[in-house]
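Visitor: Letter by letter, the chains look like this.
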Amino acid sequence: MAFEEEAFLFSELRMGREGVQFERSLRSLAFTFNSWCGYDGSRKPLYGDESRKSALEVIYFDKFAMFLFRIWNELFRQSYPEALKDIKTSVPKDESKLITFPQPFQEIPGKHGRGPGRFDAQRGPIYLIDILFELQRDNILRYFDITPPSDQPDNPRNYRTLVSSGILFTDPQQFLEGFTDLERDILKDLANGLKRLGPSQIRALGTHENIYKTIQDVKKELIDSNEARQEIIKSLDNGSSFYNPSREMLEYAEEAVRKSKTNRVDYGEAFQIIRREITNAKIIEAFQKSQSPPDVIWGPSEMDYLAKNAEKLLSFSKYIHALAHYRNNNANRTTKSAKESKIYGYMWEEGLDEMARCGLAGFPSKVSDVFINNSIDIQPAVQIHLMEVLKGVGIQQ
Amino acid sequence: MRQFEPSSIWGVPAVLPYKSLEDYSRTRNVVPIARQLHTFLLEQIESWKPDLIIVVERKGTAILRALTESYDEPLKWPWSKVISSAVVGQMPNEYFHNKRILVFDDMMKTGIHLQELLKSFIDRGLWKSGDENLRVAVFAIHEYQSRGIPLNGYCVPHSWFYRDLTNSSFQVIRMEIIKMLQKAGSLMLDTEHLEVRVRLEGSFNKFVNALRRKAKAAVFHSATQRTNVTVLYADDEAHDFPQHLFPDATRFSSIVKKCRITQRQDDEFAIIPICFPAIPNSFVNWPNDPELSSLFGESVYADDMSRYYAAGLLGALEVLRWVLKDLAASRTNEYTILLPQSPDDATSTGGYSLDHLTVMYPTLDLHKLTQRILNIELEARSEGGRLRSKKTKPIQYPIGLDEDLRQDAVRLLQVIRHILDDRIMEQCIKRGEIIRKHPFGLRPSEIFEIGKKFGWEDIRISTLFDILIDEAYLEPHVQTIKDRDGKHRMIRTFEPDGEMVSELVRRYTTQWGLPYGF
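Going line by line, the protein sequences match chains A and B. Going by the working numbering, the residue at position 180 of the first sequence is 180; the numbering climbs one at a time, nothing skipped. Position in the second sequence (first residue = 1) + 1000 = the working numbering.
Rather than coming from a laboratory, the hints here were simulated on the basis of the structure. Be careful, since some hints might not be right.
No farther apart than 30 Å at their CA atoms in a straight line, the calculated lysine-lysine pairs in the BS3-like style are these [as the list claims (entries may be wrong)]:
#: 1; chain 1: B; residue 1: Lys1049; chain 2: A; residue 2: Lys220
#: 2; chain 1: B; residue 1: Lys1437; chain 2: A; residue 2: Lys308
#: 3; chain 1: A; residue 1: Lys282; chain 2: B; residue 2: Lys1119
#: 4; chain 1: B; residue 1: Lys1452; chain 2: A; residue 2: Lys219
#: 5; chain 1: A; residue 1: Lys213; chain 2: B; residue 2: Lys1453
#: 6; chain 1: B; residue 1: Lys1487; chain 2: A; residue 2: Lys391
#: 7; chain 1: A; residue 1: Lys219; chain 2: B; residue 2: Lys1049
#: 8; chain 1: A; residue 1: Lys111; chain 2: B; residue 2: Lys1452
#: 9; chain 1: B; residue 1: Lys1487; chain 2: A; residue 2: Lys234
#: 10; chain 1: B; residue 1: Lys1437; chain 2: A; residue 2: Lys213
#: 11; chain 1: B; residue 1: Lys1119; chain 2: A; residue 2: Lys220
#: 12; chain 1: A; residue 1: Lys220; chain 2: B; residue 2: Lys1437
#: 13; chain 1: A; residue 1: Lys391; chain 2: A; residue 2: Lys97
#: 14; chain 1: B; residue 1: Lys1452; chain 2: A; residue 2: Lys289
#: 15; chain 1: B; residue 1: Lys1049; chain 2: A; residue 2: Lys111
#: 16; chain 1: A; residue 1: Lys213; chain 2: B; residue 2: Lys1049
#: 17; chain 1: B; residue 1: Lys1482; chain 2: A; residue 2: Lys234
#: 18; chain 1: B; residue 1: Lys1049; chain 2: A; residue 2: Lys234
#: 19; chain 1: A; residue 1: Lys289; chain 2: B; residue 2: Lys1453
#: 20; chain 1: B; residue 1: Lys1368; chain 2: B; residue 2: Lys1430
#: 21; chain 1: B; residue 1: Lys1482; chain 2: A; residue 2: Lys220
Computed Cβ-Cβ distance ranges for the label pairs, DEER-style [said to hold, decoys possible]:
#: 22; chain 1: B; residue 1: Gly1498; chain 2: A; residue 2: Ala361; range: 56 to 62 Å
#: 23; chain 1: B; residue 1: Arg1423; chain 2: A; residue 2: Asn226; range: 15 to 21 Å
#: 24; chain 1: B; residue 1: Gly1517; chain 2: A; residue 2: Lys366; range: 50 to 56 Å
#: 25; chain 1: A; residue 1: Gln272; chain 2: B; residue 2: Leu1401; range: 29 to 35 Å
#: 26; chain 1: A; residue 1: Gly392; chain 2: B; residue 2: Ile1435; range: 43 to 49 Å
#: 27; chain 1: A; residue 1: Asp145; chain 2: B; residue 2: Glu1449; range: 40 to 46 Å
#: 28; chain 1: A; residue 1: Gln78; chain 2: B; residue 2: Arg1423; range: 51 to 57 Å
#: 29; chain 1: A; residue 1: Asn226; chain 2: B; residue 2: Asp1483; range: 49 to 55 Å
#: 30; chain 1: B; residue 1: Gly1517; chain 2: A; residue 2: Asn192; range: 26 to 32 Å
#: 31; chain 1: B; residue 1: Ile1481; chain 2: A; residue 2: Thr147; range: 45 to 51 Å
#: 32; chain 1: A; residue 1: Gln78; chain 2: B; residue 2: Ile1435; range: 50 to 56 Å
#: 33; chain 1: A; residue 1: Lys366; chain 2: B; residue 2: Asp1248; range: 58 to 64 Å
#: 34; chain 1: A; residue 1: Gln230; chain 2: B; residue 2: Arg1423; range: 48 to 54 Å
Even for Gly, the Cβ is constructed at its ideal location relative to N, Cα and C.
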């Protein structure tokens, strides 16, 4: 019996391809981001603050990259059959009409949803911002300027880290040398669309793509909050501080509400802007394939149910986190003037209001009514009620 | 070799140093890998004179079988003096006393499997500092462990054929070994599975249609062009198990329940039934059936792994029954079942034996097993004969071209690696550090779910499993998991075979993206 030479299962692997991919990926991001940073026209500001018009906080930058990479990968998939045919027949095709590579940065898990990065088998997840910061430190491919906060200069992941464009170019054609004609057209059109989005719209568009993933993301926030919930129950039981776990729970709840409800507005606005501004037919097709309309994501009843769950958890989280603060800080229970006590005062009031709307009743509205004789000990009836609610909010795995 | 411009975005094909026999012999003065392995092992045997060889799973076993059964100058070593590292825990200390033990592994990078085995020996007092009763021989060692592993005052391994191998050289040798095994008849040569041979005297298509009487069957060709058939059985009444034979609370649904039929010679095929019921991981009541005890020996109850494999063998015997019944029920007589030779029976015409099973089942009574197979064949022939009058239409599932299957196999492997990496990252985020569990794979049900997302039929997914395992891209493990009913059970899981394959898959995903929908 004759045996043929074995066929290597990964015969499409290429040497030297990744290096080019990474460099062009960063250049594609730099090009579009540079356009955003340099845009003078009007767009939705963040919290009414116009001062950071030419820079994005790291979370928003991450979502900017997520959206760009998502659309690019969808465009690559349209080109993929042609690319594969090219390799198998070894007849070089007209590359000018192809997207020649997928983005090498993948969606990897993060604490509050997925973000662009890489998996290192030895080190675990490495996020895009970590990679860019390392490149900046080594002065290689300095396409971005990353400025962590002064109190944490080595932590680019800190939410206060600012990212701005690190490049200056006058000739886009030259800057995009090496990209195919189609790739250049795509990048120019995407840059034109993206620059009109405000940070919150970028965040929403990068975060969401379809109902399936959004539901998964919301559920994940709620399920991940369970550990913090259990910690609070334990702490209440043994009379110890529950400040940290309540802050954790609040964080998860905020994200859950943002994803299940509040992002809808920004997402809808961003969706319209992109559809209005993008003219390239391939991008339009890719966009339609990869981004569902807002009513498809937030319309169904399951999302509604999750949103209600998330809001309930958020309202309660505000209340209990403020309570945790007051437990640790007797003085702030009556003083309203200090900034910190103002913050927690608002949180307390908001928590109460929102809990009332969610049907969570029976909690003291005055801080003084929670504690026994102004001590750190919580009134037994209040403690029991807190624990009952803690066991019921959120969702079980 | 296809050539591309180096400056092209497509890059240069990732050339394996070994592309063709011609290239290979031109660039190096090469002795075939089988010969090298044979020389290495023979030298260890002749110089060390072991009483027992322990083969480190999984390829160690397959290599030994290839060298003793398929090689031109068979290595002469009795199976009774070989035991798998997977079942060392089953054997009492007395089994190893006063024996010179040779531990053989084909390749070592991190040495994790070897260390686990040797540490178990140390813990059991079977290998103390200064003892000269144990020798470790590894054929090829990666530069990662070029200094060896310090254990018990020794630096292991004691002997090797290749050392300080770079990534690419390590990969080359790995591919050569796999190719050797495929030429010898695929990695199913490993000793976990029983096999029964069949000689076709007529149409192959009729043979496959017979298998399709009550099952789904798909034909594909391995990388070395051997014809293979994957036969998949559904979770239905016709394919149920005699539960009284298995431990209480064994799960029989959503398990590996199939048959591989692989070409040995032009017209001779091996029927390899594969079945691994999910058994509880604690010793709940396993019927103290004297027949089972005498078949496997008492030591089968010694630990979880032994129980798991014993349950697997019992399950495989049932699958064998279904295959033989379907063949017997077909209207074709164009095949002959060749039964294995019993240890005390020289009259069998099968021309092969199941002696290799003692590697994984060291106390297995081969005579009883062979008799059991014979009985199953007789019963299946009788039952099948009665079914001949019933007309059934073979279940047809066109599987497509081999090339398409291989492409799908790559996609499946990508997604498996992606999901496992995701889980590692999730754990890392939760715990703040990377924890590499071993084993750590996906369950069969999870892989079938992935396949369904691709829009593939079960039979296609099962065939892809076989392609990936045959080419040593996918490695099966045994893992304890918490089942949906809350019970902890031992099940089969699968993950890309080692860090080398995993890195290959990750690179592929980087270069070509994940499949759509993932």
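Visitor: Run every hint past the structure and note whether it holds.
Guide: Now the hints, each set against the structure:
1. Restraint check for Lys1049/B and Lys220/A: not satisfied, since their Cα atoms lie roughly 59 Å apart, outside the 30 Å limit.
2. The suggested pairing of Lys1437/B with Lys308/A is violated, with an alpha-carbon distance near 38 Å, which exceeds 30 Å.
3. Pair hint Lys282/A plus Lys1119/B does not hold up; C-alpha atoms about 59 Å apart against a cutoff of 30 Å.
4. Among the hinted pairs, Lys1452/B with Lys219/A is consistent with the structure: their alpha-carbon atoms are about 23 Å apart, no more than 30 Å.
5. The straight-line distance between the Cα atoms of Lys213/A and Lys1453/B is roughly 15 Å, inside the 30 Å bound, and the hint therefore holds.
6. Of the pairs offered as hints, the one joining Lys1487/B and Lys391/A holds, with about 25 Å between alpha carbons and a cut-off of 30 Å not exceeded.
7. About 62 Å separates the Cα atoms of Lys219/A and Lys1049/B, which puts this hinted pair outside 30 Å; it is violated.
8. For the suggested pair Lys111/A and Lys1452/B, the alpha carbons sit about 29 Å apart, so the restraint of at most 30 Å is met.
9. Among the hinted pairs, Lys1487/B with Lys234/A is consistent with the structure: their alpha-carbon atoms are about 27 Å apart, no more than 30 Å.
10. Restraint check: the Cα-Cα separation between Lys1437/B and Lys213/A comes to about 27 Å, which is no more than 30 Å; the hinted pair holds.
11. At most 30 Å may separate the alpha-carbon atoms for a hinted pair to count; Lys1119/B and Lys220/A exceed this at roughly 40 Å.
12. At most 30 Å may separate the alpha-carbon atoms for a hinted pair to count; Lys220/A and Lys1437/B meet this at roughly 23 Å.
13. Proposed proximity of Lys391/A and Lys97/A is contradicted: the alpha carbons are some 57 Å apart, above 30 Å.
14. For the given pair, Lys1452/B sits about 20 Å from Lys289/A by alpha-carbon distance, which is consistent with the 30 Å threshold.
15. Between the alpha carbons of Lys1049/B and Lys111/A the distance comes to roughly 57 Å, so the proposed pair goes past 30 Å and is violated.
16. The hinted pair formed by Lys213/A and Lys1049/B fails the criterion: a straight-line CA distance of about 61 Å is larger than 30 Å.
17. Taken as a hint, the Lys1482/B and Lys234/A pair is honoured in the structure, with Cα atoms around 26 Å apart against an allowance of 30 Å.
18. Restraint check: the Cα-Cα separation between Lys1049/B and Lys234/A comes to about 62 Å, which exceeds 30 Å; the hinted pair is violated.
19. Distance hint between Lys289/A and Lys1453/B is fulfilled; the C-alpha atoms sit about 17 Å from each other, no more than 30 Å.
20. Proposed proximity of Lys1368/B and Lys1430/B is contradicted: the alpha carbons are some 52 Å apart, above 30 Å.
21. Using a Cα cut-off of 30 Å, the hinted pair Lys1482/B and Lys220/A holds, with the two alpha carbons roughly 21 Å apart.
22. Distance hint for Gly1498/B and Ala361/A: a CB-CB separation of about 58 Å, consistent with the stated range 56 to 62 Å.
23. Distance hint check: the CB atoms of Arg1423/B and Asn226/A are about 18 Å apart, consistent with the given range 15 to 21 Å.
24. About 54 Å separates the C-beta atoms of Gly1517/B and Lys366/A, a value consistent with the hinted range of 50 to 56 Å.
25. In this structure the hint that Gln272/A and Leu1401/B lie 29 to 35 Å apart at CB is violated, the actual value being about 45 Å.
26. Gly392/A and Ile1435/B have their C-beta atoms about 32 Å apart, which leaves the hinted 43 to 49 Å range violated.
27. Between Asp145/A and Glu1449/B the Cβ separation comes to about 44 Å, which falls inside the hinted range of 40 to 46 Å.
28. At roughly 30 Å, the beta carbons of Gln78/A and Arg1423/B sit outside the given window of 51 to 57 Å.
29. Separated by about 21 Å at the C-beta atoms, Asn226/A and Asp1483/B break the suggested range of 49 to 55 Å.
30. Between Gly1517/B and Asn192/A the beta carbons are some 29 Å apart, a value that agrees with the proposed interval 26 to 32 Å.
31. In this structure the supplied range 45 to 51 Å holds for Ile1481/B paired with Thr147/A, their Cβ-Cβ distance being about 46 Å.
32. For Gln78/A and Ile1435/B, the Cβ-Cβ distance of about 39 Å falls outside the hinted range of 50 to 56 Å, so the restraint is violated.
33. Hint check: Lys366/A to Asp1248/B, Cβ distance near 59 Å, so the stated range 58 to 64 Å holds.
34. Range check, Gln230/A to Arg1423/B: Cβ separation about 22 Å, and the 48 to 54 Å hint is violated.
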